[in-house]
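Line order of the protein sequences matches chains A and B.
Counting from 231, one number per residue, gives the positions in the first sequence under my numbering.
Counting from 2, one number per residue, gives the positions in the second sequence under my numbering.
Please keep in mind that the hints were generated in silico from the structure rather than gathered at the bench.
Hints are not guaranteed to be accurate.
[Claimed, not checked] When the alpha-carbon atoms are kept at most 25 Å apart in a straight line, the in silico SDA-like pairs for lysine to any residue are as follows:
no.	chain 1	residue 1	chain 2	residue 2
1	B	Lys175	A	Gly273
2	A	Lys472	B	Glu234
3	B	Lys197	B	Pro179
4	A	Lys454	B	Pro158
5	B	Lys124	A	Lys454
6	B	Lys44	A	Asp318
[To be verified] A partial selection of chain B residues facing chain A, derived with a Cβ cut-off under 8 Å:
no.	residue
7	Val64
8	Ser67
9	Val82
10	Gly83
11	Gly229
No residue lacks a Cβ here, since even glycine has one placed at the ideal position from N, Cα and C.
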Amino acid sequence: MLSKRIIVCLDVREGKTTKGIKFKDNIDIGDPVEMARRYYEAGADEIVFYDITASHEKRDIMIDVVTRVAGTIFIPFSVGGGIRTVQDMRNVLLAGAEKVSVNSAAVKDPAIIADGARAFGSQCVVLGMDVKQVEKIEQIPSGYEIVINGGRTHMGIDALAWAQKAERLGAGEICLNSIDADGAKEGYEMTLTRMISEHVSIPVIASGGAGSPQHICDVLTEGKADAGLVASIVHYGTYSIKQIKHFLGERNVPVRTVW
Amino acid sequence: MHLIQSKSERLNGKVVPSPFLVKLDLFSRKCYAYGMLSIIDYKAGNLASVVRAVRYLGFECRVTRSINDILSAERVIFPGVGSARQAMEDLEETGIDEAIREFCASGRPFLGICLGTQIILEKSEELDTRCLGLIRGEVIRFPEPLLSDTGERLKVPHMGWNRVEFPERHPVLKGIDPRSEFYFVHSYYPVPVSEKAIVGTTTHGIAFASILEQDNIIATQFHPEKSGRPGLEFLKNFCGT
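Extracted from the complex, chain B is given alone in its bound form (with noise of 0.2 Å):
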């Protein structure tokens, strides 16, 4: 916690009552639960189309690199694209990665998206980056050659339009046609330790996990802001619930 509120001050040149909102969480969420989701902004990557999508649903948000803003939201939403070394090191350089952490902990609800997914793993092969570890398990490449089960040989990156098995229906999945198709764009993906953190599984070659979730986390390896009105009814779900 002091480590923590010490970094918020170098970061917003004032004091943040961290200790003081995290106190209050052990009676009721709703003391610091502003209505308000707070969109991490973390360099990597273009945030704006997440902006744009979750504003054009009718929802505020802001984006923010301060950890009061992480701290005190109702629901936060993790993107990126990049490279996770990179994010890694600007999460911890900033203690934003305890931030993020110590929100999880709250029992809000937390969206990661695509990069943001990956680092709330425990490592990832890229670079042999050492991750937040809020979920169990790790993210690994694509294997290459990487062959569909008619021999073709597919690409890597896994970019474009691909479908979500989804056996048992998420919350936030409410409302979404299971044929439905989600934009991804990722040359790594996630591998949980445990199955029952897969929410989805999509096929490239390899069927990976698409959609995570643990307690009040869930987590896409594709981009809902990208992927059309399943992927906007995707969000609403997450922003409305």
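Bound conformation, chain A alone (with noise of 0.2 Å):
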């Protein structure tokens, strides 16, 4: 049976490991690559990079980092944050990421979905989706729109219907942050999470609010999730990964041990 995977979270500005609250505040707390190994060693299922260096001159910082990353640890990795085009996706996965994730470049133009699918192949594009609940009107019927510029600029665009194109264009999973949940440790968005996850068939990643093993635990039953992408939870040493897979192991939810 597959498992469920626990999927940490690094946001990296500059190349340092940094963590901030509703996309606001960051700190920094460590080396990226040395961080990475820690958690491969631990049992993350999966890391993900999110580079929130603003400037663009300082991107190649983070190629640097993608690279040694690779040849460090032996599962999956992803990167994603200010990937704009198909060649800034190349460039990762060539550094050694298996996956690369575009989220406000492929609403502004979702063609970088197909074109990122048709050259690399589906499973290297995650979509990563921000995601805010509001009213439901027409143009949002699921009462879910999608947001940029960490939450500052409503899209007009429902999630779901957003979700499906994005499937429909060849994305090969799809990372789902809620905003609204984001750092504030009170839980995953159940809601938002179960309905996004029946109905696409590609794999949905619940990230944003995770603060204990119970709220893990909900999203990848109730929520219906794949995976849960967990950070400041592991990152000031809360819970650690194998206290979460125990926790869920005891509840009857498949998770990897290491041997």
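Each chain sits in its own coordinate frame; assemble them with the hints.
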């Protein structure tokens, strides 16, 4: 039986891991290569690097990080943040990432999903979605809207319709981030996650809001997510990957144990 | 033989002495087993992770599209992700298809990974593609809807970590805990004709062959290079035996 994945997210700014709350107030918390290695050893099923480097000139630092990580860990890892073109995708894949995640660039021009899937295969293309709950209107029938710029810009696109369109275009996976839940540690956005997961056939990674193993358990069962993204809950040592997996295993959620 | 040579000439711009090498093979495989591991590059996805894993384990390897490098290797890894049709077109165009057949007939160790596993069977349902036919059987798509034994709808592609049941321990599985999981990402799976070709099985709604073997060929549907410690152990066993 396919295991539910625990994916560790490392926000990287100019080559350093950082963590912010609701996309603000970032503080540096370590070296991403070293942290990735530690999470790999500890049993993380996958690692996501999210490049939040603001300046375009410093983006090459991320390629260097990816290269070093690739020689260190032997589980899949993906890179997202600031991916604008198929060439950006190629750069991180050639540096050794298994997958690349596109978010706002795909919202602005969905063709990047199809182009990326054609060039590298669907399994490489992850659609990152930042979503906010809004009032249900004709344009947003699901009541969840796509936002960009860390939630500051509403795009007038329905989250469910966007997920389905991305799947048709060739996205291999969806990383679904709730802006409302992100950083608050009060649990994942369950309604949103379940709705998206039930309406696409590609895997859905739930992101934003993990504060306890119970939250992760909930989103992987009730929320129908295929994977749960975790960040601060493990970065600050609140829980270890092992503790989280033990908790899930005891509740009959299939997880991978490192033997 | 003549065919291969002419294609090699076209590829490398020089004469490749493959008939000579093959002749020697009749007497002793060691004559041209230089200890070199060749990883076949046929423009199907990112091979870098396989290379990194092999080098991390301390083995030399070369990534190659040269027929000579394939025929002269001590062992070959045939990885790949992507479409079976496109992969076969590239292999046929470059003559690498014939080189693979010839290498496998030599009895030296050959490892297929993911797409590299699928296209060593006879045909794939993916765009109805004729494949290499080194192992009898075909490659088919997961049925939809795909349901678990408790009636849950399962997703395709089969992406993530899953177990491999292996009742009898093949030498490449030496030292691997039977509860280990491996990383998969695929929508099609191999169905060999002979039960004897199945070394390991994995369940995702249905049970399918996730490790295949035939003589000197071993082939996995999962990615050992992305499967953490058990995956590295598997590669080490292949590269070192």
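Hint numbers the structure violates, sorted upward?
5, 7, 8
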